[in-house]
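Two chains, two frames, some hints: make the complex.
Line order of the protein sequences matches chains F and Z.
Numbered continuously in my numbering, the first sequence closes out at residue 374.
Numbered continuously in my numbering, the second sequence closes out at residue 535.
Rather than coming from a laboratory, the hints here were simulated on the basis of the structure.
One should not assume that every hint holds.
[What the hints assert, rightly or not] Partner residues aside, some chain F positions facing chain Z, computed with beta carbon under 8 Å:
#, residue
1, Ser5
2, Glu6
3, Val8
4, Val294
Every residue, glycine too, gets a C-beta built ideally from N, C-alpha and C.
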Amino acid sequence: MKHISEGVLRRLDDEPLAVPDRVTEHVAACARCQARGAEIADDAKRAARLFAAPQLVPDLDAEWARFGQQLRRSEASGAGAGAGPGPGRVIVDRPRLRSPRVSLRAGLAIGAIGFVVVGAAAAASLTTIFAPTQVAPVSLSRGDLQAIASLTGLSDNQLLGGFPTPTGSTTARFGTITWHSSPAYQTTSLAQATAAGRFRIPLPTKLPTGVGAVQQFIVQPRVHATVTFNSTAGSLDGSSVTLVAGPAVLAVYTSAGGTDLPALAVATMPRPTALSSGASTGQIEAFLLRQPGVPPQLAEEVRLLGDLKTTLPVPVPSGASVRSIRVGGSPGVLLADSSNALAGVVWEDASGMLHLVAGLLDPQDVLNVAKQLG
Amino acid sequence: LAEFEAFFRGHYRAVVRLAQNVLGDFQLAQDVAQDVFVAAYRRFPGGYEQAGGWVRVAAVHTALNVLRGERRRDRRQLRVAPPSSPPSAEDAVIEREARAEVRRVLRRLPRRTAAVLVMRHGGMSYAEIADALGVKVGHVGTLLRRAEAALRKEFDDETHL
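Pulled out of the complex, with its shape left as it was, chain Z reads as follows (with noise of 0.2 Å):
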């Protein structure tokens, strides 16, 4: 345990920032992250030497799980009128809104666009991506700049609703 100990200690906050940049919840990213290190702990008997790049891929999949799972819960939250907030306020609601509204693009984004998306932002270099998607690493470009137009339509059609 103690080899896996700097293992967690070297890849969790990683871990945990890619997961949040999903689910724009901190504490939820570390649930995520839990799980991840678990799993791996698991599938790595003994040697972590390939488990690095697997638990940044992981905890962006299980958090887009996460996220697509609680949709339900999101839309009844909606339905609930926000009271009147007074105008100091009005800087945090914004902000609260933008995040919010980045899940849930990333709900309807194809899986593969949502994770290439999370995965650059969230600090991982073109040659991790293409690892982690099992793609050349000059085709990471395209992927992401596809990804980014998408979420541009995506947040411009949201916005103007």
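Bound conformation, chain F alone (with noise of 0.2 Å):
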């Protein structure tokens, strides 16, 4: 028999029970057939390794409600019907490049109200770790803070704190920012948490020493912010950005000791959005890194953070240290300050849910706990 051909060697190793006995046979006796096989082997195990980015998990309902409108959006310009190509051998249509939704990489600002709402929810007890919202790091000095804060209208505290009321209006250079919630509440039942939430909130069942019981959730509602550009926004001019964020449950944990402090925070809350009026990422992202008083190193961080659009960046205050780590399997980031007595981790996990682990601990400590949750 001659030997096996490339083709069917490759896909012995994908579907073994779909080529003939005879090929087995043949390999299990051919010596050069089993190394050319190992070879394809390795080339292919290769390739699915490249091929193996975190795969997140699609919000159905959301991507349906967003397919109605996206329906009535092109019925309303005039697409005509049967567009496409040929199943399979062709490019259909060519997608829009125009986003009708972004992430918080679409720019500073929107990442600064990022930061306000995660901060809303958090910020209270967890000032160093402004926003649980992404798992990419960007250094973030008090002078960048200082140039987000100027362009968006917001003070600096605010932009730590949260928004200064539920439901208000600022006015930047660029055009206006307004957000609309509920209060932030407290409740020390993890039904009602859970309740307010509609989602499970997963807490750790074994806590470090130190960490007392938990004292109560804070439950902080959805958020919804809009930027509203104005002329001076040049082309986008009129386009708006609407960031959804939470709702947000933060579980907090006394200390043992019996201190006021709380010593441990778990936060849990869905992966915010952001919606775009008409203006793609890259026009938003373009338009904000040029604003005057945006610190350059900062609007290179941001440029770099590039294909990243599905990963939010976590901020990181300037003195800590940050780390890449892995929890359930998801990528997540550890920072902690130069002490080592905070630390915080970060991480989205496989069903796009935000986790926030922090406290006055050692970062290895914080660690055991996120990965009890992961």
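Set out below in structure tokens:
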């Protein structure tokens, strides 16, 4: 019998039951085909590794709702029916690059709003970790914060501590920012917090030494924040971007020593999303990054996030150390202050939920808590 | 629309996964998926038996179009020297660079070669790929083998620059 072709050896690696018995019998007895098969399998494994990026799970309800909007929009614009290619050969429709949905990467100011939104739930006790909304670190100095504050018209304290009121608006240089939500509230009942969030709230079963019981749950209802660009924004004039975040639930643990300072906090929230009325991510990013006052180093960091549109950046305060980690198979970021007395872990799980674990603890202790939730 | 909703929910994740394999970007992959499903809705009025394979193939080709259309922008970005990253962020940087390199290689490979890689490593079976590419199922292994060898070669060339 002739040696086995490379194509059949490749399929043998993937679908061994689909190849005839005579092929497997030949390979079992032929050193040459075994060696070629091993090389082919190596290339296949390497390719599989290269494509093994973390796969996020789409929110089908949200995406179906968005499909309805897309359909109406395309019908309104008069797109013809049947404009597609034959099954599987050619490109059907060139997709519009103007994305109706943008990530937080869309720009500094939007990022700042993200910090604020999550901060509304978390910042009271976790001001060092501004926003658990991303899993890619972006260094943020005090000067950067002031620059963002100046751009958005919010004070830098507000950036850290949340919007000043549940509903309101502010005027930025390039447009207006409006937000609405309900005030955050506290409860001591996990059932109530779960009902408010409408998601499961994972809590650790084994706590580090020094951490007491859950003191309270803080619930931040969903927040909508909209940036409407004005004529100073050039081609963006009239377009708007709405960031939807929350609800978020923050479980606060007391210190076992009986002090009032919380020792540990565990926050859970769905991944925030941003919707644009028409401007693309690239347009918004380019506009915001060329605003006067944006520190060049920060602009460069944001640009370098490049392809990370789906990965939310975690602002890293200057002086903090940052490490890439994995929690339950999902990539995350571990932050610690210079003395290792305060640490936090942020990650997004496969179902699209964002988690933050932070405390006045050693980084390893914080990571151990996070791994119980992942 | 109710019938289409069941089809949408049944196939959306697979379509996003394929587009994400090309683009390395979940949000952009969802944008591509949305466009593909709008096209499918128009193309298959009433019956969606044939549409499952079609949306997968359309996702791959549409995502490849987006990828190749963004080439110029990407080159511009590459000229920006990365800032000195703290050593602790090294893993994240390596992972990001590997993903970026896969996309650069996908741009350079012939379209069918890139498509077969993305389809197989996006979870499509040999039979589905055969149907998508209009070839016999026995030929898919050959195409895939050539594609993976080309990927290895391109990747080696790239990393040895």
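Could you work out which of the previously given hints the structure breaks and list their numbers from low to high? Violated hint: only 4; rest satisfied.
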